[in-house]
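Given next are the chains, with one letter for each unit.
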Amino acid sequence: MYDAIVIGSGAAGVHVALPLVEAGLRVLMLDGGVPAPPILRKPPGGGFAEFRKRSYEQIRWFVGEDLSLLCSNMELSGMVGGNRGFVSRHTKELLPLSVEREDILQTLAEGGLASAWGGACTYFDDATLRMLGLPPQEMRRAYEEVTRVVGVSGPQTFPSVQPPPRPNHHARALLAAAAHRAKRLALLHATIRQPHTAALTETLGARCACTYNDLEYYSDADQSLYRAYFTLEMLRQHACFTYRPSVRVERIEERDGAAHAHGHLFSDGRATTAIHEQGRTAIIAAGAVGTGRILLTSLRLHETPIPLVSMPHVFTACLHPRTLGHAGDDRRSSLCQVLATIPRGTDHSGICAQLYSYRSFLLCRLLPLLPFPIPESLQILRLLTPSLLVAGIRFESASANGTLALGKDGALSVHIPESTKSNARCRKALRNMKRVLRVIGLMPFRTKYMPEGSAYHYSGTVPITTDGAAFLSADDNGRVRQFHRTYVADASLFPMLPAEPHTLTIMANARRIGQKLSVRLRNTSCTPPP
Amino acid sequence: MRGTILLTGATGFIGQAVVPRFLHAGFRVRGLLRPDSMWPFVEHPNLERVVGDVRDSASLERACEGMDGVCHLAAAKADEACSAQTNVDGARHLRFAAEKSGMAFIINISTQSAKLVRRGVYARTKAEADAILSSASVPVTTLYPSLVCGGKGSGAFETLWRISGLPVVPVFGGGNAVYYPIHRNDLAELIVRAAHAREMFGRSYDAGGPEAITLIQLIRLLASHRGRSPAFLPIPLPIGLLAARLLSFLPRPPFTASNVLGGAESVTLDSSPLYRAAAFTPRPISRILTEETALLKMPADSDPVADELAILSRYILSMECQRWKPGPVEAAWYAQALRGHTTIATHSLGIVRRWPFLLGGLDAITKRFRDGPLQKKLLIVATIVECHPVSAAWLLPQDHSRISIILLALLACARMGGKMLLGAFFLPFPGFVRRHVSHV
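Residue numbers (my numbering), protein chains in the order written: chain P, 1 to 530; chain W, 1 to 440.
Excised from the complex, chain W in its bound form (with noise of 0.2 angstroms):
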């Protein structure tokens, strides 16, 4: 037993990497967890989910109690609404809470772009959030890293690997910012290094890669595993700053002002000084590259039990709750209910899996045939949604304006009639139908 931790953050894409580090170094570890935000972790006996939200400071204060430590990497990354108040606010409540319960020490996880001259919403509040938290009585490890890459996910990493396919990739401010890839495993062994090593304690270390790269040549050798060479497109700073403030207004922005400006300017970092205080050093890029490029090119992992909750609740709760996500322990309740019906055993949604939306139609026509193996599946996967605390909340009773009732029912019965017509398309194909109707 190495003591206990906390993690903010514990479900995000670098978190991922970092929980099980810190479940094979022997610490207990303690996630939050956002109330609408799906667990990716198998159970564990050392591994405890606590709900709450670093803006919520009663509920940070509930996480923290008991905990010898905390790693802090909840983090806004888009420039939303909420950076200033997840970033800002969270970093306070993260600090009172943490001298509150005695705490050994904090783990705060910066970004490079908290360096740079100018600053986007993102980088300017994680700055503001480091200022507050160095000032607490609790000795602050301050962990500041570069680009990193590794693993599928959210990570800027894919976002390139997507870019890099393109034809003409437009770089912005002449592409020249200097980056140190590291790989997001490395970062996690140096963050659990940093954890047990007291001597590190109260200081601040950049945590990069051991070698730069500029963007452009980034994205070249990227391009070059695909066996492609792309032209590049100079963008000016402040056409891509006009750009995104436009997009902004876009529920999902493809980029943000954040992400233009940290692709213009360059940072100089010194990791050595981490490298040699956690006695560890991350892979060169050339490492990173072959392994993850590799990972990329494959076909997504298929388990087909996991891809087909994934497929049918995507499905069930289409415009509602996006943040749905099936991880390991929703696919293996959907494993062990399917187990219970032998019938539908050897029933696979076929076509469906390539063509996701004709399962709407497929579904409006076999609702008929409620022993049938498709509407079998698909109320299992329903009460797996309703019995689930991400997705509970939508289901549960709630105040409705009789004209919204009313609308939201037209709606329903608007996109029924659709599903209907798509159904018909199935008509010409009996035995397809049948395949979801009948047991086989």
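One chain only, chain P, in its complex shape (with noise of 0.2 angstroms):
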């Protein structure tokens, strides 16, 4: 008998599999498993300049080893395409999802969503914690511990966060006029800075600074962008640590004074053998929405919505007048350069602009957005690319926003009623934003609205909670209070989602989780037999 059986392995079950195996606990990982293709452990080679003039492989990077975002719809599937498409595999055949115009992203990859995560990462204020229903003291503790293992470099305001990165000529000019605008930043409430990123700036472990400026994304090969999969790599080093792919767990079961997690081996995008195996607690961390699916289906509810917290978000692309005509710096990063935040109104929700400017951005995806003919579209974008700025602008949601329910055929329905561009509060919030790029010289001029659910940020399924309110519910420490040896450790504990990235927040909140229950596995130890 394990002490715990952790499943999934993304951002949340790693770091909650990590103390209870540091603790020396038996630890089970079940997991879908997808591996990330080999090449995405390949690096690139050579500057990004000359890479992009030399390498007849490039369009392997871009678009995938298969081209798979050649037979994809580019304009939507950007940060799930390509190489990171696997994080998406095998789930429209193993997790049947009914949906209407929403776009949700369900993961069976190793590493879960956090496999095509962009790193940007947010430490949040009491406020916003107690907000989200976590214990702020705890918690700052969990932030400290976490950035160790992760590695996030920025403003150092925060306990081990490495030196943040020269920030490229964009960001310098933007960073620039928001101190000589702070009066009417202020005004507007808005704040701008460098952000937080889980990529290094300095060596870790095995991991190292980046060397393939601009080409993060397309490549894991010098680990400096965070993966859960890096974790869980270090996990699989320890004895006590069982990892098992290519599973889907459907169901927890509690008895006999164990928790037992029914599921299926699949290969191929088929189910096969069914499987069973009991730990002395079950961790659920399969993500909101497949936390969501476990726990309907354990408590066998059929046709009961459970809410569902989904992040609205938009795309505009901005132009940067200032630096029209210069091709900027040669070696620059293409994350998240720099961060603008409106916190919440009387009549607006909160608001985060994550500004990029990364070159290795292809400028094809863009081509939709423009009303020429495509070769005078290309042109006229060859002519901006420089001086093009993209804001992936999300909103808060304070609340619930949607809903889950498992159909009587097993399938999951996701209904998010309310569409961002009809959303009053959010369209005011937008107006603000937007006058806060204007303010720090961007001139926004054509923002994309994507559909609901394709930020691929949910939450709020098994909310926190202290009176236990809400039909499905988790106390501060994640046990869902249906139960009495099941707890959840990923973002469906949040009952709402700050429009700040969250992500770090995930990981924290799962270490807390794990940590807090390693204590108690190891006080109620009874020496599981052999």
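Since the hints were derived computationally from the structure, they do not count as laboratory data.
Treat the hints with caution; some may be incorrect.
What the hints assert, rightly or not - So the derived label-pair ranges between C-beta atoms look like this:
1) W/T290 x P/G46: 48 to 56 angstroms
2) P/R251 x W/P356: 55 to 63 angstroms
3) P/G407 x W/G417: 49 to 57 angstroms
4) W/P45 x P/E253: 47 to 55 angstroms
5) P/D347 x W/P356: 53 to 61 angstroms
6) P/D330 x W/F369: 37 to 45 angstroms
7) P/R438 x W/F425: 36 to 44 angstroms
8) P/R41 x W/R62: 21 to 29 angstroms
9) P/R41 x W/L408: 35 to 43 angstroms
10) P/D66 x W/G327: 17 to 25 angstroms
11) W/P45 x P/E303: 54 to 62 angstroms
12) P/G46 x W/C82: 23 to 31 angstroms
13) P/A411 x W/D371: 23 to 31 angstroms
14) W/R402 x P/R438: 17 to 25 angstroms
To be verified - Here are the computed lysine-lysine pairs in the DSS-like style, where the Cα-Cα straight-line distance is at most 27 angstroms:
15) P/K53 x W/K77
16) P/K42 x P/K53
17) W/K325 x P/K53
18) P/K183 x P/K434
19) P/K434 x P/K448
20) W/K77 x W/K115
Beta carbons are placed, not taken as given, at the ideal position from N, Cα and C, and that holds for glycine.
Each chain sits in its own coordinate frame; assemble them with the hints.
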């Protein structure tokens, strides 16, 4: 018998397992385990311009080894297309989902959705943590510890943070403009700063500071940008950790003083043998949608909608006229350069813009945005690229804006009734954000409203509540109220989602839950039978 | 395994025939590929491409590393400014790199025109290159080919074929110059055999065909295959040279001084030592003519997918990057992408294939229908073009002055206006437009 069965190997799964394993407890991880394609570990080699001018293989990095991005809707499948497409492999067949217009991403990948993470991090203040239902003091310690594992660089406002990377010419100009116009920004309640990113600027263990500038997102070769599967590899070195990939866990059952996980092995997108594992506790870290699915199945709750928080987001293309005509720095990061935030107001929601100015962004993805014929669009984009920035704008969801329900046929249905475009609070926030962008010298010219759910950040299916008012809820140790020995460690616990990047908080919270659980399990340890 | 060989000019007219023969003979081949050239070969485990240029000594040294020998085919043929750089400096770099990496042999492909008395820039620079290479410490086999025929592409033979269709053919300096036409594949075979034969190292050979023929006779024979008999208009040499001089100001002159001189003077050659040493005799003129004219008369070999890619990419890159010509590698990418889009499988470009200029109008008026097959195809091709080393540089951020940005943007807008107007002509044919905007 295992001490704990962890379901899922994403940002939450690995960080809840790590303290347990470090405490010497026997942990089994059940996971979809679809591995990253080998090309992601292959260094592209050379400088960026050199690579673009010389490599015939570059197409395999940009649109995927199997050219899958060419075969899909390029506009939408940005972050999870191409070689990152493995994050959603086999989910269509194995995790049936019915949606109307929503774009919901599920994963069976090794390292979960964090394998397509852009790396932006925020250390939330106490007020935000309380809104998320998390104890601030414990979280601060967890933040610190998780920072040491993940490796975060940015403004050194938090212990163990590595020095920030040199901002590129766009970021320098924007940050200078923000400092210069601080008063006007203060009137708009906006903050502009260099973000924290989970990319190294100094070596950390076997991982090195990024050498593939501009191509970080297309290659994990130098392991600069954090991926959850790095930690998974670390865990697998421990004797007390067992990893079982190719497993789809369907339900949890508690009987005879143990938690039983039932599921199926799968291969080639088809479920094969049924499996059954038991442990003293079960920790579900399968992502808000996945965790919701498992708990609803376990409790046999069909046709019962539970809340789902999904983050509304849009992309805004901006022109930086001040840099027009300059090719710009030769080495620059493709990760978020500048973070602009406006907190929630009386008539608008909180909003956060992540500004990217990377050269490795395929211009062709912007082609559908322009009304000109293709050659002219390309010509114009070519002239504008040096001064083109993309703002990934995300809105706070103060409460659940969607529902998740399990149909009689076992398919999960997700429904998010209100679109970002029709939400007055979001529209107002977006107007404010555009004003802020204009103050720091940008010209937002085209906004693309993305389908609901396509930010791929979900939460709120098993919210932390103090009173257990919500139907399916957890206490602040992550224990699900309907169970005795079943815990949740992922974003499902957050009853809302702030606009700022929160992946680091997911990891810190998972670590916090894992630590508390390891203490409890050790104290009540009855030596498991061999 | 017969050893490793580097080919400069692998992507050229002769190189394209030589590479497969070396591979067939069991060599491991490394092709030197200029950053702005397309790679025309299909993938092969023993074929490797190295990006570099004979004008860039560092890249050449890298390419020479670990190679047993080199076959030097790279040359600037037209009277370009870069002739001296490519032909003379290139030879110097190659000699240095070959000596440095300790190669066993160099096969140098020169030209009969290097032996002419009155030489154009091409002939002069090639002769200089031969002198440089022959003084190398590495044994050099030099071949002097005459007129090389066969296959489609940039060969002189196809130009002659086109000329032979004219009612009146101008010939410079009487047209009595004698050629020894050799088939491209036979020359390639001789080159490959020269790489095995140690006894040939360090010697020079004429590499012509087995028979001699004058220019006028050759054109007459070609014309007879078309069922024509043209008249010849002899043009005195000085007038031809003057015309070449004037035309040299054009971006792509139809003929150059080297062409004029090459057609005016005869060189006698004897290729039998080469045939004996290589134990191979090339095919005679009569066979070349029957084989090749049949090939030239045939309509372009039509792989519809590659054709479509060629049309769309030419349209997308319209004014820029003329060198982008899809090869088998790119066609395979495109075919793979099309397989992924089942909804556009049955869409064909139809009439646009015959008149590619119509594509601009069609693109302009279908722009709104992003999911339509035409726009999807254009987007796929644009992505392939963007992710391709030959064209990627065009799209990378560059410094521009503000004035040039405004002018170029205005030009783009003007072009768009033109395309819109062109598109308006399609409006009376809604059925035709619908085929390109909705799924079939």
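Could you tell me which of the numbered hints above are not met by this structure, giving the numbers in increasing order? none
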